[in-house]
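Top line first, the protein sequences correspond to chains A and B.
Heads up, the first sequence is in the UniProt record's numbering, so the first residue is 1 and it goes up one at a time.
Heads up, the second sequence is in the UniProt record's numbering, so the first residue is 1 and it goes up one at a time.
FYI, nobody ran anything at the bench for these hints, they're computed from the structure.
Hints may be right or wrong, so weigh each one.
Capping the alpha-carbon separation at 25 Å, the derived lysine to any residue pairs in SDA-like fashion look like this [to be verified]:
{"no.": "1", "chain 1": "B", "residue 1": "Lys229", "chain 2": "B", "residue 2": "Ile212"}
{"no.": "2", "chain 1": "A", "residue 1": "Lys72", "chain 2": "B", "residue 2": "Thr394"}
{"no.": "3", "chain 1": "A", "residue 1": "Lys137", "chain 2": "B", "residue 2": "Lys436"}
{"no.": "4", "chain 1": "B", "residue 1": "Lys172", "chain 2": "A", "residue 2": "Tyr58"}
{"no.": "5", "chain 1": "B", "residue 1": "Lys229", "chain 2": "A", "residue 2": "Lys137"}
{"no.": "6", "chain 1": "B", "residue 1": "Lys436", "chain 2": "A", "residue 2": "Ile80"}
{"no.": "7", "chain 1": "B", "residue 1": "Lys436", "chain 2": "A", "residue 2": "Tyr8"}
{"no.": "8", "chain 1": "B", "residue 1": "Lys397", "chain 2": "A", "residue 2": "Arg77"}
{"no.": "9", "chain 1": "B", "residue 1": "Lys397", "chain 2": "A", "residue 2": "Leu103"}
{"no.": "10", "chain 1": "A", "residue 1": "Lys62", "chain 2": "B", "residue 2": "Phe493"}
{"no.": "11", "chain 1": "A", "residue 1": "Lys76", "chain 2": "B", "residue 2": "Asn437"}
{"no.": "12", "chain 1": "A", "residue 1": "Lys3", "chain 2": "B", "residue 2": "Asn437"}
{"no.": "13", "chain 1": "A", "residue 1": "Lys116", "chain 2": "B", "residue 2": "Thr394"}
{"no.": "14", "chain 1": "A", "residue 1": "Lys3", "chain 2": "B", "residue 2": "Phe430"}
{"no.": "15", "chain 1": "B", "residue 1": "Lys397", "chain 2": "A", "residue 2": "Leu82"}
{"no.": "16", "chain 1": "B", "residue 1": "Lys436", "chain 2": "A", "residue 2": "Phe78"}
{"no.": "17", "chain 1": "A", "residue 1": "Lys62", "chain 2": "B", "residue 2": "Asn437"}
{"no.": "18", "chain 1": "A", "residue 1": "Lys72", "chain 2": "B", "residue 2": "Leu399"}
{"no.": "19", "chain 1": "B", "residue 1": "Lys397", "chain 2": "A", "residue 2": "Ile122"}
{"no.": "20", "chain 1": "B", "residue 1": "Lys397", "chain 2": "A", "residue 2": "Leu91"}
{"no.": "21", "chain 1": "A", "residue 1": "Lys72", "chain 2": "B", "residue 2": "Phe433"}
{"no.": "22", "chain 1": "B", "residue 1": "Lys255", "chain 2": "B", "residue 2": "Ile130"}
{"no.": "23", "chain 1": "A", "residue 1": "Lys137", "chain 2": "B", "residue 2": "Leu59"}
{"no.": "24", "chain 1": "B", "residue 1": "Lys172", "chain 2": "A", "residue 2": "Tyr8"}
Selected chain B positions facing chain A (in silico; Cβ < 7 Å) [stated by the list, open to error]:
{"no.": "25", "residue": "Leu178"}
{"no.": "26", "residue": "Val182"}
{"no.": "27", "residue": "Thr189"}
{"no.": "28", "residue": "Asp193"}
{"no.": "29", "residue": "Arg200"}
{"no.": "30", "residue": "Ile231"}
{"no.": "31", "residue": "Leu399"}
{"no.": "32", "residue": "Pro401"}
{"no.": "33", "residue": "Ala405"}
{"no.": "34", "residue": "Leu422"}
{"no.": "35", "residue": "Ile425"}
{"no.": "36", "residue": "Asn437"}
{"no.": "37", "residue": "Gly467"}
Source: prediction; values computed, not measured.
Where a beta carbon is used, it is the ideal one built from N, C-alpha and C, also for glycine.
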Amino acid sequence: MNKTFDRYAGIVFLAIGAFFIIESHRISANAYGSSVGPNVFPFGLGILLGLLSIRLIYETFKYQQTENQKEKLDYKRFAIILVASVLYALLLEDAGYVVTTFLFLLIGFQTMQRGKIFVTLIISLSFSVGVFLLFDKLLNVPLPSSASWLGIL
Amino acid sequence: MSTLEFLLHGFSVAFQWYNLLFAFFGVLIGTAVGVLPGIGPMNGVALLLPITASITGTLSPEQAAASGIILLAGIYYGAMYGGSTTSILLNTPGESSSVMTVIDGHQMAKQGRAGAALGISAIGSFVAGIISLLGLILLAKPLSAIAINFGPAEYFSLMILGLLAVSGLVGKSMTKALIMLVMGLLLGTIGIDAVSGAARFTYNIPILYSGISFLTIAVGLFAVGEVFKSILERDSNSGALAKIDKPYPTKQDLKDSALPITRSSFLGFLIGILPGAGATIASAFSYVMEKKLSKNPEKFGKGAIEGVAAPETANNAAAGGAMIPLLTLGIPGSGTTAILMGAFIMYNIQPGPLLFENHPSVVWGLIASMFVGNLMLLILNLPLVKIFAKMISTPVKYLLPLIIAFSIFGVYAVQVNSFDLLLLILCGLFGYFLSKNDFPLPPLVLALVLGPMLENNMMRALTLSNGNYAIFIQKPISAIFLLISVLWLVVPFLLKRRKNKGKNTSVEIGN
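So that you can see chain B by itself, here it is in the shape it has in the complex (with noise of 0.2 Å):
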């Protein structure tokens, strides 16, 4: 079959209407997730992986996998949307890759220009989400093509660098993410080991024989660690929020931001394949660029459209981009899409090079499923903005007993036992005081995910070797990987260390 069929049988599968109705509440869920402040993207499809894997049970595993990715990934992407909501209207972004957006985008507000600025987010939005799935699409088959030609060393490699890239972009300091990466690892290998089934650090406990639980440590470290933030800091949403117009720009405004908005979805895409770099950083480069572009910079910080188009175009692009090393080579890129892997790999499907032959009707449904949440999304943020931003009101109070509800309910519908719900608990204490004092999660979560794989390849390698661990510099590939990953680890170092007295600019990465 040609791509193209493969996109119509896609399309075929995402019309279904319960997909149609999965693809919708991702998208709600997500924007509603956006427009929270304080729960970003990662948050919302960790508190929502559970309830999904239980929604979907009764349906046959292939339904089920594609009906539940294609509502997490709505999430993901809606969570882009909904983002700009609050930095636009309350001064303070509903996740980290709006922070740029704040910029202008509340100027703008303050000018009565709330509007203009809210639809510009949502056209741009839009443009890239569609841009970055047609980058999907064209890349997907021959990324896979080239990956199915690895060997375990290759992938081995790969994995590390991966690890090693989302642990070098975040948090303040590289020998933290390391930490928190080993112990990713570390607690992956509690439980029996699949490649020569010896139980390991298990001690005759049941519950520990199936290994820690992905989803309840990522629904612990993510959503039940940031309501215990919450409390423990007060968080509430002051300050007044301004007036919303009429959601639409005018053609001045339209004209303005076409250049910007075509450009940051290309950046945003390149930028969202990169692993470890992802929508935060986009935005921010594409922020920076129209800035250096612009005829007249110095409108920037004071309400120019085009910095509310960019940065928000740029974040959902590298939402889109950050799909493809996930689908074509199972390596998530970041925290959220560590966690949508952590859900393939819960309906058993195992991303990466033959997901696409072995699971045509998942991968291609959630590909069509996102042109179709894409348009939700257009309508739901065009016209429906003004319900939206009620949401930014919704009483704190109410929100964070209930998201604990949530988790426990969640967790427990699919774990089934009180020890991961204690475990949950536990899970959000470290994960609230880890990330307090710049200890990032994010790297925990992948190399939690990764860890067996990793393992496995890591087996297989030198089984196939006899046990000389030269295999893994033997193999160019591999080498070459391996050589990035040490440049990623040192190169910063040394950077670091010539201009030892400038700043350190870290860059939070959040989703």
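Pulled out of the complex, with its shape left as it was, chain A reads as follows (with noise of 0.2 Å):
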């Protein structure tokens, strides 16, 4: 178990349990026809979280840290794929489908192993246009389209 990460994520969700506490007192507390209001339920959880949190807090400090042999995570290829679909998120309805989901799959094949462009090329061009001719043009679900600045698709 992580100890560091259980306290940090325990400050967490208590913060997260009391801001639930707080802005449940501005839903207004009365329903037609009802005298339990909007509030209980959020409230009831939040405090019920805040609780869970604090237990989980002072678990922290029972239980012996285990040394689990330090992991080596690839941080690199990581960090790379993960700003990649970020861009692929935000991108995506102004640039179109095919060229995004293209560009996002190709460095995403070329992060995880160098080379065999060629491959990866063919993979991620099939890829991008067959799902948007299958979805778009096939079953009429809009994708958004690149044609406003690349003519085609």
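Since each chain comes alone in its own frame, lean on the hints to assemble the complex.
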């Protein structure tokens, strides 16, 4: 168990609990025809979350930190993929589905393993165009089009 | 109409060409999901949930629901078949309910009996699928009949029991499981309250009025989170693949497995019905049971065919059993069934006692399609198992970016906004870090699905009692449910206290 993570998580959950307790006061306490308002449920849950978080923080003082051998995490690849995913999400609507998906996959494949440019190009292109044609054209699931600035698709 | 007539009607739904196609693709994708290491039934169903919604968009609501659920359920039980393949050939379980299969399955593969092991797990899975379906048909009506008399107070307490049951069994720390549970319930309160119409925690942000989308959360936590994990921890499937000779067990194998398969079908089915238990526990129990009952228990661990037949049968039977509380009570007992429940709600269908009356063609179509799907799986897994075995060597480097692209596509196709895409990635991050630190995710998803209904029933019960909270203990059935819930929390705590030095045997539930 990771003591530090648990302790910080406990504090964050405590803050979330407090947030819901305080903010539930701003919801109107009366609902027509009911003696219990819409604020009761989140208010009670906020208190529950607060109590559980305190219990979690308390527990972190009790158990021994089991020293788990430091795993080597691959932060570099992860960071690239994460940034690429966020950009993909942000640009999807403006740049269109085919272009963003193609670029995301290409970057993703190359980040996972360099090389084989030709194979990765083919897979990225066929996936992005394939999904777009199948869903946007055939199944009428509207996807953002790249037509405005590419002239095709 | 009698049950038989309903079932026949169900078959007429299941045999429509597109539903056959949906069932086929469901079990095909399910088998693939089971075979691919790292992706379990929960991830597979979550990943395909939005895509199913968009594919079925052109059908009428009732048909769309039937087809969508047929496909998603196909993934669920299909994954149970596929999970054995990696266990046997690669010594790595494809999903958590196949952990027990590794022990004897891989030994058999080493002895050159991989084909027999694969064959018997396909046959066992098939028998389990059929037996649990028959159980489902027999139990569905009486259970619905009981549940239909439940008032809001009884429902509230039953949901509390369901939520606690799942939280009590997952992960190492009950505190963490309960935190995730309450978080899920809190997330569910964001948006317009269905009872009073009040906007809660929306802060004039338009996108929050409709609430946090269950779909985005489920795909983020289970599909994207799993990809992040694989990238960070450099998951790779090393190890040599065992060769498959003939995928058919011998006569002696069949004779040895007949009884274990029958026993495990019933055991798995019964465990599957219990909320919170599920396939992983069922397979572990059945393995232990067979070892106890066996005349020569020393064979176990050295390639006993019973050691493969029993857990593989039990996990499929449990998957079938888990459908019962979902369909008849509207209370999912595991992460995967919670996502299935989310799918029902997405199609505007409320699982529960009225399901069989209000939407007979959806529910009987689903049941009938599970017969068909199991038959398809038997065919896919006996002669074609070699092709699936090849999928194990699918390079992870292609798979992971494709899963992200698929998740983004799926969420966008249903939600049509960028906010949900960012939320999706955020959930992926949370999913990875939380589950890595033993914060179990299934309680959160379950709570998110059940939360609004829980509150709704609580409000209705309190309206009936004029705000008196004692109503939950005054109604006898409700009181019993609450009592069991309290015991569920207190008993493990007391047991732990009594033998404090005893090792924490925790079972992870991943289905």
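Quiz prompt | Earlier hints that do not hold, by number | solution = 3, 5, 31
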